[in-house]
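Visitor: What follows is each chain in one-letter form.
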Amino acid sequence: MVERALATLAAFAALAFGTAIAAGLPGLAPKLLPPEQAFRFSARVLDPATIEARFDVADGYYLYRDKLHFTAEPVQVRSVDLPRGQRKHDEFFGDVETYRGAVTVRLPLASPASGKNVVVRAESQGCADAGVCYPPNPQELTLAVPANGAKPGPFVEAAPKGPFR
Amino acid sequence: MSSEPVAPAIGAPHSPKRRRLLLIAAAVVGAAALGGGIALYQRGETAPPRDGSAILALVLPDVDGRQQPLSQWRGKVLVVNFWATWCAPCREEMPHFIAAQARDGPKGLQFVGIAVVQVDKVREFAQEIRLNYPALIGGLGAIELSKALGNDLAALPFTIILDRSGSVVHTQLGPLKPAQLDALLDRLLASP
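Top line first, the protein sequences correspond to chains X and D. Residues 2 to 166 (my numbering) are what the first sequence spells out, left to right. Residues -16 to 175 (my numbering) are what the second sequence spells out, left to right.
With the rest of the complex left out, here is chain X (with noise of 0.2 Å):
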């Protein structure tokens, strides 16, 4: 019957309006993530005596320059040169830097780590463009560094958090 099958094309056309509404409707925010999906960590080896780590920030997120934080374990980072951030004016704290999209840090450690596990940590904050902030986020992964060789390894990404860690 056409009138049926007009019903349910207007249906499936509305039910995409309304979902479309749901998205962009100004004042009402897109799905929020949780902040290990708004910021996910990755990080690698670039060789025995550095690690790039790697913030991949989804769109309408952003990361404060300084609220980022690197340690590592057993080997430490020796100093960490983050780069330049969007500045952005804040009543509070004056201008600050954020970062949006892709931000990789290089993070070189106080000695050769050739052969060893290690422990990247990193602590992270930032907020929705939607209106909401994330507390600091803890992550950590770890990285094979291998005990000849001087190749970039492949990224590895924070495992995420939950009870099927």
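Don't take each hint at face value.
Simulated crosslink set (PhoX-like; lysine-lysine; CA at most 20 Å straight-line) [to be verified]: (1) X:K68 - D:K104; (2) X:K117 - X:K68; (3) X:K32 - D:K130; (4) D:K104 - D:K59; (5) D:K160 - X:K32; (6) X:K68 - X:K89.
Read the hints as simulated data drawn from the structure, not as lab findings. Computed from a predicted model, the values in this text were never measured in an experiment.
Let chain X serve as the given structure and place chain D on it in line with the hints.
Guide: Relative to chain X, chain D alone:
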């Protein structure tokens, strides 16, 4: 969906064309409502636990280290706001809370802030914005507390509003719109 008109219409019987339009209109309204519902849900207006006794049972230190039981505000319209100094959207909505507390405090309105940061940060900020309601110190443990109270994402600001009987009437993740908040508070303060 059935081919019967979903909504009773004025002036039956309808021409097939009119019926079709009605069907489309009903589908659009239904889906928009669904979308709106989803959006509201995703915004964080989660179905609140009706009973606010878990909140009223809290005892937390204020900026001077004195233990403050929330039960002291039983019988008032209570707005419990989880916030932090590192949360810009939290700080942005607090001046409105201060104004509402000053205006409606005598009518039985009580704001209580639960800070997810250390006491020195709270004290400094409270002085700067002339906070006129208690700032209790929850530390990072307050995040877990807010999770237990329905803040699944552990994000801020998170606000719980209790009526005079101690029932949770609203929970909100993200800032409260000033007009929306005022309307709700007016309604709650008007009822005994």
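Visitor: Regarding the pair K68 (chain X) and K104 (chain D), is the alpha-carbon distance no greater than 20 Å?
Guide: holds (15 Å)
Visitor: Hey, K68 (chain X) versus K89 (chain X), does the alpha-carbon distance stay inside 20 Å?
Guide: holds (14 Å)
Visitor: Given the hint that K32 (chain X) pairs with K130 (chain D), test it: the Cα-Cα distance must not exceed 20 Å.
Guide: holds (17 Å)
Visitor: Just to be careful, I want the Cα atoms of K160 (chain D) and K32 (chain X) compared with a cutoff of 20 Å; is the pair within it?
Guide: OK: K160 (chain D) and K32 (chain X) at ~18 Å, within 20 Å.
Visitor: Does the structure keep K104 (chain D) and K59 (chain D) at a Cα separation of 20 Å or less?
Guide: violated (28 Å)
Visitor: Run the distance test for K117 (chain X) versus K68 (chain X): straight-line Cα separation, threshold 20 Å.
Guide: Not satisfied, since the Cα-Cα distance of roughly 28 Å exceeds 20 Å.
Checked against the numbered hints above, the structure breaks hints 2, 4 and satisfies the rest.
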